[in-house]
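Novice: Sequence:
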Amino acid sequence: MKTVTSFPRQVVETPDVGIVMPDGCRLSARIWMPADAEASPVPAILEHLPYRKRDGTIFRDELTHPYVAGHGYACIRVDMRGNGDSEGLMEDEYSEQELQDACDVIAWAAAQPWCNGNVGMMGISWGGFNSLQVAAKQPPALKAIITLCSTVDRYADDIHYKGGCLLGENAGWAATMLSYSSRPPDPAIAGTDRWRELWRQRLHNQPYLAPLWLGHQHRDVYWKRGSVCEDFSAIKAAVLSIGGWHDGYCNTIANLVANIEAPVKGIVGPWIHKYPHYAAPEPKIGFLQEALRWWDRWLKGIDTGVEDDPAYRAWLMDSVRPARWHDTRPGRWVAESAWPPPRVTSQRIELLASGSAPATVATPQTCGLAGGEYFPFTFGPELPGDQRPDDALSVCFDQPPLAGAIDILGAPEVSLRLSSDQPQANVCVRLCDVHPDGASELISYGVLNLTHRTSHEYPTRLEPGKVFEARVNLDQCAYRVPAGHRLRVAVSTAYWPLIWPSPHAATLTLEAATLELPVRPLATGDEVSFPDSETATPWRTETLRPARSERHIGIDQKTGVTTLTISDDFGEVRDLAHGLVNGSIVHETWSIQPDDPLSASMETRWTQTFSRDAWSVRTETSSRMWSDEKAFHLQARIEAYEGDRLVFERDFRESVPRDHL
30 MKTVTSFPRQ VVETPDVGIV MPDGCRLSAR IWMPADAEAS PVPAILEHLP YRKRDGTIFR
90 DELTHPYVAG HGYACIRVDM RGNGDSEGLM EDEYSEQELQ DACDVIAWAA AQPWCNGNVG
150 MMGISWGGFN SLQVAAKQPP ALKAIITLCS TVDRYADDIH YKGGCLLGEN AGWAATMLSY
210 SSRPPDPAIA GTDRWRELWR QRLHNQPYLA PLWLGHQHRD VYWKRGSVCE DFSAIKAAVL
270 SIGGWHDGYC NTIANLVANI EAPVKGIVGP WIHKYPHYAA PEPKIGFLQE ALRWWDRWLK
330 GIDTGVEDDP AYRAWLMDSV RPARWHDTRP GRWVAESAWP PPRVTSQRIE LLASGSAPAT
390 VATPQTCGLA GGEYFPFTFG PELPGDQRPD DALSVCFDQP PLAGAIDILG APEVSLRLSS
450 DQPQANVCVR LCDVHPDGAS ELISYGVLNL THRTSHEYPT RLEPGKVFEA RVNLDQCAYR
510 VPAGHRLRVA VSTAYWPLIW PSPHAATLTL EAATLELPVR PLATGDEVSF PDSETATPWR
570 TETLRPARSE RHIGIDQKTG VTTLTISDDF GEVRDLAHGL VNGSIVHETW SIQPDDPLSA
630 SMETRWTQTF SRDAWSVRTE TSSRMWSDEK AFHLQARIEA YEGDRLVFER DFRESVPRDH
690 L
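Residues in the sequence shown are numbered from 30 upward in steps of one, following the working numbering.
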């Protein structure tokens with residue numbers, strides 16, 4: 030990663046610009062722009078987030094926004110209302126108020142004397158989501174977006190539900206946002222008299238979102254709003270979509286390239302949930318140079334050749350030894366002119382022939398612990414490990430050793446003909462690369478709540494013993510399986526803690542199973558290339574406590590209860606420019622008994638600390654989720670401290686009935 034310190038235009042930065050919304054709410058923005066922008070106006074680029082520009086996203090902001098501004102743009106990093114240094118209250122993710130605020134900021138930016146009237150929007154994760162959703166609202170000045178690690182479908186392909194199954198991270202993410210959004214503004218920005226008033230208002234009105242999300246267990250109007258797949262044609266801005274194979278949001282790129290009518294390109298690398306100019310596993314790419322090509326074309330009208338780029342560029346990964354972390358993933362860049370790719374053909378593999386002896390799938394609830402995180406984030410032990418522990422608990426269909434290597438590009442699908450002994454059951458299908466010595470590397474996976482087999486909007490209970498058909502869509506992937514390796518399809522009824530268990534342990538009887546595998550001609554080398562990574566000067570900090578991540582699995586040898594404990598200490602640092610000290614720690618516990626799906630429980634505890642000179646505050650948040658056969662049960666708590674004095678406490682408790690889950 031090369032640090033660039035000299036740019037075509039001198040950059041000035043303003044740490045707090047107030048942008049007042051039509052209802053009077055003041056949003057706080059940090060803005061970088063060329064010093065001569067009023068004399069020579071530039072396009073604006075908006076990033077609109079709840080994650081705190083002062084201390085939350087500052088690491089990546091420092092790498093990114095001065096670089097782009099130095100090439101002739103005004104970069105506007107806004108704290109959403111109710112977060113960071115902005116006024117107002119948080120309601121929910123991607124609320125209509127949030128999206129309207131973004132539209133109003135875009136209109137404000139376009140009207141400034143330093144702006145040429147053209148605006149772009151960018152972001153990763155939350156910012157990638159709302160970039161797509163704002164684009165669908167068509168604010169007049171918005172001409173292009175860059176969306177990373179995002180989704181087109183808030184129900185079927187996000188952190189809440191997948192394949193109609195409840196994701197464990199639904200409760201985990203609610204706990205995270207309870208902690209994130211209950212933090213105070215910085216007195217240096219909000220004012221020494223005003224910050225406490227804003228903080229108390231925020232604390233008193235802070236939502237605990239898990240009950241809301243659990244209250245919508247089907248793909249209803251709540252999830253359809255903001256899901257751009259409901260009407261891809263609404264997006265008129267040019268879209269560059271980027272993701273990573275080690276991220277939970279790897280399907281979006283193909284969905285956008287295949288479906289929107291506006292100019293669109295897609296890039297997928299080997300990365301976790303990070304911007305690709307500093308992401309891992311390597312190779313990194315020159316994301317900022319690629320972004321400038323995109324912005325220059327659509328916001329400045331310069332012919333940069335982006336329209337001639339392949340529609341879809343992807344890092345096709347080589348087989349590696351399974352590990353919880355990889356610094357690099359060897360492979361090559363491949364390119365497709367369109368999606369679906371014309372060179373990819375479907376290879377049909379009969380896993381279990383109709384008329385063969387049926388296969389019985391009755392999985393211990395602990396299956397899934399080798400799966401890793403839904404979206405790895407910490408550059409730590411969060412990737413899928415060796416799949417053999419989960420394979421041993423699953424029904425596996427192994428193929429003969431490959432005579433020659435194959436390149437997989439696309440979304441594998443598995444068709445099942447089966448019956449269940451319960452009215453509700455989940456199924457997980459994993460595609461694995463089995464090495465000659467038996468090591469098993471995860472290629473892709475898919476999960477399906479079988480009551481959702483025909484509709485996520487209108488699920489129907491299963492009739493025990495009745496045979497039916499279901500199709501499980503696995504995630505997009507790009508992977509080379511070498512000669513001599515085997516393909517394995519592993520089928521289970523549990524995948525803990527990625528999905529929450531069914532209320533009763535189900536037994537599935539498989540009568541037939543078929544894999545549709547997307548295979549392309551073998552790539553002989555890189556088909557495209559990218560420049561090396563460049564960034565602006567990194568964030569200047571003093572480390573007071575280094576970051577550290579740990580994962581442990583423990584088994585009670587008497588009861589069989591298996592507990593996954595995760596500790597992520599994000600460290601504590603002092604900002605050398607404005608002096609704010611901030612630190613963050615989260616502890617998670619996921620426990621389950623192998624024979625009892627109703628034993629599942631999760632607990633989280635977050636600590637956030639802030640200080641400067643004699644001033645210090647701390648928030649402690651905790652949450653817990655468990656279930657019985659009728660309902661999900663949720664508890665949460667916020668504690669806020671000034672120094673060591675407790676100044677606020679609030680408890681949440683709610684139960685939500687299960688509905689086809």
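Source of the hints: derived by calculation from the structure; they are not laboratory data.
Virtual Cβ for every residue (Gly too), placed ideally from N, Cα, C.
Among the hints, erroneous ones may be present.
Ranges of calculated distance between the beta carbons of each label pair, as one might list FRET restraints [to be verified]:
| hint | residue 1 | residue 2 | range |
| --- | --- | --- | --- |
| 1 | Pro560 | Gly384 | 51 to 57 angstroms |
| 2 | Glu125 | Ala391 | 23 to 29 angstroms |
| 3 | Ser596 | Glu125 | 33 to 39 angstroms |
| 4 | Lys587 | Asp688 | 48 to 54 angstroms |
| 5 | Pro430 | Glu658 | 28 to 34 angstroms |
| 6 | Ser596 | Pro169 | 32 to 38 angstroms |
| 7 | Pro359 | Gly494 | 35 to 41 angstroms |
For lysine-lysine, the following PhoX-like pairs were computed, each having C-alpha atoms within a straight-line distance of at most 25 angstroms [to be verified]:
| hint | residue 1 | residue 2 |
| --- | --- | --- |
| 8 | Lys166 | Lys253 |
| 9 | Lys659 | Lys495 |
| 10 | Lys265 | Lys253 |
| 11 | Lys253 | Lys329 |
| 12 | Lys166 | Lys329 |
| 13 | Lys166 | Lys31 |
Novice: To test your reading of the hints: which numbers does this structure violate?
Specialist: Result: hints 2, 4, 5, 6, 7, 11, 13 break, sorted rising.
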